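Novice: Kindly generate the complete structure, drawing on both the sequences and the hints.
So the chains spell out like this:
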Amino acid sequence: MAISLSINGVSHSLDIEPETPLLWVLRDEIGLTGTKYGCGISSCGACMVHVDGQPAKACQTAVSAVAGKQVTTIEGLSKDSNHPVQKAWREVGVPQCGYCQSGQIMSAAALLQKTPKPTDSQIDAAMAGNICRCGTYQRIKAGIRRAAQISGA
Amino acid sequence: MTDLNLSRRFFVQSSIGAAGGLLLGFHVPQAQAAKTESRPWTTPTKGVEVNAWLSLDPDGTVTIRVPHTEMGQGGMTSVALMIAEELDVEWSKVQAVFADPNRHLRNDKEYKVMSTHGSQLVWLQHPHIMQAGASARERLKEAAALAWGVPRAQVVAKQGVLTSGARRAAYAEFAAAAANVKLTEEPAIKQAKDWWLLGTDVLRLDIPHKVNGSAQYAIDTRLPGMVYAAVKASPVPWGKLKSFNADAIKNRPGVIGAFELRAVAGKRGQPDLQDAVAVVATSWYRAKTALDLLPVEWDFGEAASVNNASLSAHAKKVLGETGLMTKEDPKALEAIAASKKVVTADYERPFEAHLRMEPINATVHVQDDRVDVWSPTQDQSAAILLVADQLGVDPKNVYAHTMFLGGGFGGNGAGGTGVTRQAAELSKRLKRPVKVLWSREEDIAQDKQRPMAAARMTASLGANGLPEAINTRALWYSIDKMNQIGPATADYGIRNMPYNIALRHHERHNVETHVPSSTHRGPGANQTGFITEVFADEMALAGGWNPLDWRIEMTKGKDDWQRVLKTLKEKAGYRTDLKKGEGMGVAVVECHGTIAAACATVSVSRGGQLTVEKIVIVADCGHVINPRGAVEQIEGAVVYELSHAWLGGLEMRGGRFVNTNFDSYNILRIDQTPEVEAHFALTGGKKWGGMGEPAGPPVPPAVANAIFAATGKRIRSTPFRLHDLSWA
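Those sequence lines, one after another, are chains A and B. Per the numbering used here, the very first residue in the first sequence carries number 1; after that it's consecutive. Per the numbering used here, the very first residue in the second sequence carries number 1; after that it's consecutive.
What the hints contain is simulated information worked out from the structure, not anything from laboratory work. Everything numeric in this text was worked out from a predicted model, so none of it was measured. Errors might be hidden in some of the hints.
Below, computed lysine-lysine pairings styled on DSS-like, alpha-carbon distance capped at 27 Å [what the hints assert, rightly or not]:
hint	chain 1	residue 1	chain 2	residue 2
1	B	K579	B	K614
2	A	K69	A	K79
3	B	K713	B	K316
4	B	K93	A	K79
5	B	K556	B	K686
6	B	K614	A	K117
Some but not every residue of chain A turned toward chain B, in silico, with C-beta under 10 Å [claimed, not checked]:
hint	residue
7	T33
8	Q96
9	G98
10	S102
11	I140
Even for Gly, the Cβ is constructed at its ideal location relative to N, Cα and C.
Specialist: Written out as structure tokens, the structure is:
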């Protein structure tokens with residue numbers, strides 16, 4: 001059965017098992033590899049995307065569940081890599097290995113969409129689902145604070 | 001195929017003086033917006049090559065080829081910085097690309113070292129990397145000198161321009177001629193006092209690629225006709241595959257087949273191939289879901305009876321026996337036997353997994369005349385040799401493609417896992433490109449673990465409360481019987497404690513286990529730093545000393561240790577008079593040529609809830625070529641080691657680890673992470689040290705010592721989460 005998807009504003013029609021997680025559709029079928037596999041059990045946040053503007057873990061989202069909805073991945077967060085979070089991430093120099101950062105950035109962007117000036121505890125609460133093995137958390141916090149400034153400027 | 005263009009549009013100058021007691025704080029500079037390009041690949045075709053390390057374009061672009069892996073440690077930027085320093089070109093004109101590993105092997109190790117490990121890139125490899133830049137600069141000058149009819153000494157090379165009197169030319173004009181110049185004598189590399197670029201804050205070149213999903217990791221490899229494999233090796237290491245029923249999954253969507261993979265006799269070294277089953281399908285999700293449904297039978301053998309309790313009991317037993325004498329001093333034993341003031345304690349640390357965010361994977365494409373490999377390896381030349389060995393082909397026909405690594409932490413060296421062999425084997429059988437991806441569960445189960453460690457420490461104290469004699473006995477689980485990385489490194493930290501103790505005796509036990517192990521960020525020191533530095537605290541307090549003053553007293557005459565510890569005292573505000581439930585602890589450990597001290601501040605609720613408030617690190621790595629990058633590594637290493645010490649600890653039951661994923665093997669999350677403050681106390685001169693690993697090892701003991709200060713509870717094993725920290 002063909003499933004119609006809208007990913008980063010582009011329509012796709014795929015003949016695929018409906019229970020397939022969105023993560024693997026993005027990575028293996030469509031070729032958007034910026035969304036990462038980290039755990040497959042909703043524990044690490046490396047696969048974070050936006051579905052109709054809300055943060056969603058793609059490893060736990062069946063592709064059939066997003067039919068007709070707007071899916072945004074890291075590749076579609078901005079046209080020119082200049083979303084305030086991306087700008088702030090470069091300024092602060094957040095990524096080390098970078099593998100988790102697509103997920104971190106998508107979570108941070110969703111937080112700022114809802115809470116433009118988050119407190120430290122709001123940052124902690126929103127970002128605790130995203131693991132960074134390199135330990136860039138201090139810079140993630142600084143990056144979110146900076147992104148809030150850029151957005152508010 | 002597009003060349004990676006990692007340009008350095010971020011460049012911020014900061015004030016940093018000459019070496020010697022130099023102190024730097026955390027600093028986040030402003031930067032411009034980035035222009036991002038595409039994927040990392042191999043050697044670019046444009047530009048004129050002056051030597052293997054660099055080529056010059058007429059528009060002034062300098063392409064620097066980086067033989068090392070970029071796994072978040074900043075190696076790509078460090079290599080480019082060191083060459084740009086010597087070559088003397090505008091940093092804004094520099095782009096970095098990954099060097100071609102096949103070329104390295106074909107041309108007899110043309111880049112000298114391709115492996116990326118041991119925090120060595122700047123520490124040990126700066127001489128030959130900087131020399132490559134210096135040599136190119138001098139040959140450009142010589143080529144210009146010959147053309148202009150002047151001595152080379154009268155040609156100046158600066159910021160990409162050659163001048164002599166009124167003559168002037170861009171470097172690129174003489175690139176082709178310089179490539180053919182033979183110098184009678186290769187130039188020496190610059191001294192730190194002459195640096196114009198090194199020592200300034202530079203934003204890493206790879207960062208713009210890591211904020212928009214464009215950075216390509218091995219796991220992202222996609223090739224025409226590629227199929228996907230999910231594998232399951234024996235969950236108890238070295239178990240035998242008895243049977244599996246492929247019929248049970250043959251009608252699953254997209255399944256191509258189930259394949260047997262066998263351990264090869266005599267190849268039980270690090271890059272092993274264990275008995276395993278692979279399911280190949282048209283997508284990884286299809287392969288993985290079919291594998292989960294595949295009935296498989298194993299014979300686990302005797303190892304199936306091993307568990308944490310039996311491992312600990314064995315450790316205790318062995319610690320009671322005499323080991324190999326690696327520092328023999330009968331007088332130390334006599335002094336302790338005769339002393340009335342003896343401090344003694346046993347310490348133990350568990351197995352830990354690397355838990356790289358990028359689960360282990362490899363894509364291999366075997367064709368008649370060549371084999372291509374994409375794998376997250378810290379050693380591309382080892383990946384080539386591994387595949388050549390598995391397939392029985394000439395390494396010269398194997399091409400490894402360097403990709404960004406989603407973390408390495410020592411677990412991806414020398415083809416550290418069997419995944420590359422698995423992919424090579426499957427591609428050979430299927431005659432098409434195969435991507436093997438280990439699920440997170442497989443990644444933890446089949447990782448080459450950091451071995452557990454245990455030690456018994458005994459010291460006698462003199463009238464002044466300071467130790468007079470020490471007897472240490474350490475136990476280390478060897479790495480596949482290789483008596484080098486595990487035991488030797490473990491031994492080092494304990495045998496060479498920096499403290500001036502007159503009489504020392506040390507023994508070591510090598511213990512074998514069925515668990516394959518490997519190097520792990522800060523090998524040796526990552527386990528023994530906790531042991532030596534908690535014991536140091538115990539000795540200090542038993543003698544009535546302030547633990548920080550004790551360390552300063554006990555390292556008298558060792559200038560670098562003194563500088564680090566005194567700087568910690570100045571910066572960290574260490575106190576021993578905090579109210580109950582709050583505490584500070586210190587520790588200092590040397591590894592990879594660098595001394596790093598930590599001061600931890602913790603609070604512990606009456607119920608035993610631990611909060612790590614702050615970690616201050618002071619490091620002496622001799623020189624810092626990119627302060628910003630060094631601070632990043634300090635921040636990361638602190639979180640890394642604190643994760644293991646507080647939340648980690650693999651648990652073995654029935655010969656296998658029962659921790660399977662991030663729900664049962666935890667690392668620090670953002671809400672548990674302390675503030676990290678970094679300072680440097682640099683010796684300079686001839687001293688160089690690594691910075692990717694050394695800030696981690698002093699953290700667990702500093703926190704354990706802080707917990708003692710807060711609660712009176714002495715922690716002698718990790719993880720802290722298993723200890724009852726409640727107090728009344």
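Novice: Would you mind marking each hint as holding or not holding in the structure?
Specialist: Verification of the hints:
no., hint, result
1, K579(B) x K614(B), "17 Å, holds"
2, K69(A) x K79(A), "20 Å, holds"
3, K713(B) x K316(B), "21 Å, holds"
4, K93(B) x K79(A), "26 Å, holds"
5, K556(B) x K686(B), "21 Å, holds"
6, K614(B) x K117(A), "24 Å, holds"
7, T33, "4 Å, holds"
8, Q96, "3 Å, holds"
9, G98, "3 Å, holds"
10, S102, "5 Å, holds"
11, I140, "6 Å, holds"
The structure fails none of the hints (numbered hints given earlier).
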